[in-house]
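Trainee: Below are the chains, spelled out letter by letter.
2 protein chains.
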Amino acid sequence: MSDPIEEGLLLAPKFDADGLVTCVATDAKSGELLMVAHMNAEALKRTVESGEAWYFSRSRKALWKKGESSGHTQRVIEMRVDCDQDAVWIKVEQHGPGACHTGRRSCFYRVVPLKQTGAVALQFRDAEKTFDPSAVYDKK
Amino acid sequence: MSDPIEEGLLLAPKFDADGLVTCVATDAKSGELLMVAHMNAEALKRTVESGEAWYFSRSRKALWKKGESSGHTQRVIEMRVDCDQDAVWIKVEQHGPGACHTGRRSCFYRVVPLKQTGAVALQFRDAEKTFDPSAVYDKK
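Residue numbers (our numbering), protein chains in the order written: chain A, 10 to 149; chain B, 10 to 149.
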């Protein structure tokens with residue numbers, strides 16, 4: 010007897026206690042991991058219906074269209090869901106110079122050295138700024 | 010003034026209310042997204058110290074070494090942390106035929122069709138089983 014969540018054809022997202030699933034966004038062409046964020050039911054629905062990435066900000070507790078401030082929107086080329094349906098993967102066409110609010114292409118610009126104990130010193134990698142965040146985001 | 014979490018060299022993971030960060034595992038060679046899981050402080054520490062992937066299972070509420078039941082361990086080739094340090098990315102050498110407990114290489118074997126409204130019918134993609142999970146996992 011196969012599990013309908015894992016082997017079925019119905020999209021049945023398993024939202025966590027806060028009503029969220031994890032979303033991983035990669036660059037559809039290069040495969041590069043751009044960002045990890047969250048979607049609530051409404052963000053997921055809007056993403057599926059529009060083909061543009063919508064997220065839910067845990068810190069701001071707000072639905073959020075990627076690029077609504079920066080103009081750096083994400084067109085979704087393909088969306089997948091994982092076995093237990095608590096994570097989605099979107100392959101996106103990233104518009105503009107970057108996905109990260111720090112001004113970089115990807116949010117993952119620091120390496121954690123391995124085989125170490127105690128306090129870990131990160132190493133910057135692929136960390137060039139591709140845009141100036143202070144020029145892109147609305148000043149509040 | 011730059012934010013030490015975003016621009017600093019100290020690994021300072023931002024664990025959520027359950028004490029977890031999200032972990033994305035990709036194949037170090039192909040770049041393929043294999044799985045999304047979670048790490049608590051102990052899983053992160055063990056992964057950094059050993060170079061082997063450890064996770065924390067939200068459903069079982071237990072620390073878990075990837076491959077402890079299946080033998081399908083993950084050697085971590087590189088680990089990165091994201092801007093706000095609530096997600097880590099590990100590029101792994103996946104041992105054995107797959108990362109997914111359903112018997113597949115990746116957990117992301119179903120596509121969510123876009124530009125649709127209402128109930129969504131998933132489409133299987135890259136969904137070949139590479140091993141028989143009933144033969145690999147301990148029977149309880």
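In case anyone wonders, no lab produced these hints; they're calculated from the structure. Misleading hints may appear alongside valid ones.
[To be verified] Computed footprint of chain B on chain A; a stretch qualifies when at least three of its residues, placed anywhere within it, have a C-beta under 8 Å from a C-beta of chain B: (1) 11–19; (2) 42–55; (3) 76–90; (4) 96–108; (5) 137–146.
Ideal Cβ positions, reconstructed from N, Cα and C, are used throughout, including at glycine.
Trainee: With reference to the structure, classify each hint as holding or not holding.
Mentor: Verification of the hints:
Restraint check on the stretch 11–19 of chain A versus chain B: 5 residues with Cβ-Cβ distances below 8 Å, three needed, restraint holds. Counting residues of the stretch 42–55 of chain A whose CB falls under 8 Å from any CB of chain B gives 3; the rule of at least 3 is met. Judged by the Cβ-Cβ criterion of 8 Å, the stretch 76–90 of chain A is covered by chain B as claimed, because 5 of its residues qualify and three suffice. Check result for the stretch 96–108 of chain A against chain B: holds, 3 residues qualifying (beta carbon to beta carbon below 8 Å, three or more required).
Three residues within the 8 Å Cβ limit are the bar, and the stretch 137–146 of chain A against chain B gives 0, so the coverage statement is violated.
Of the numbered hints stated above, the single one contradicted by the structure is hint 5.
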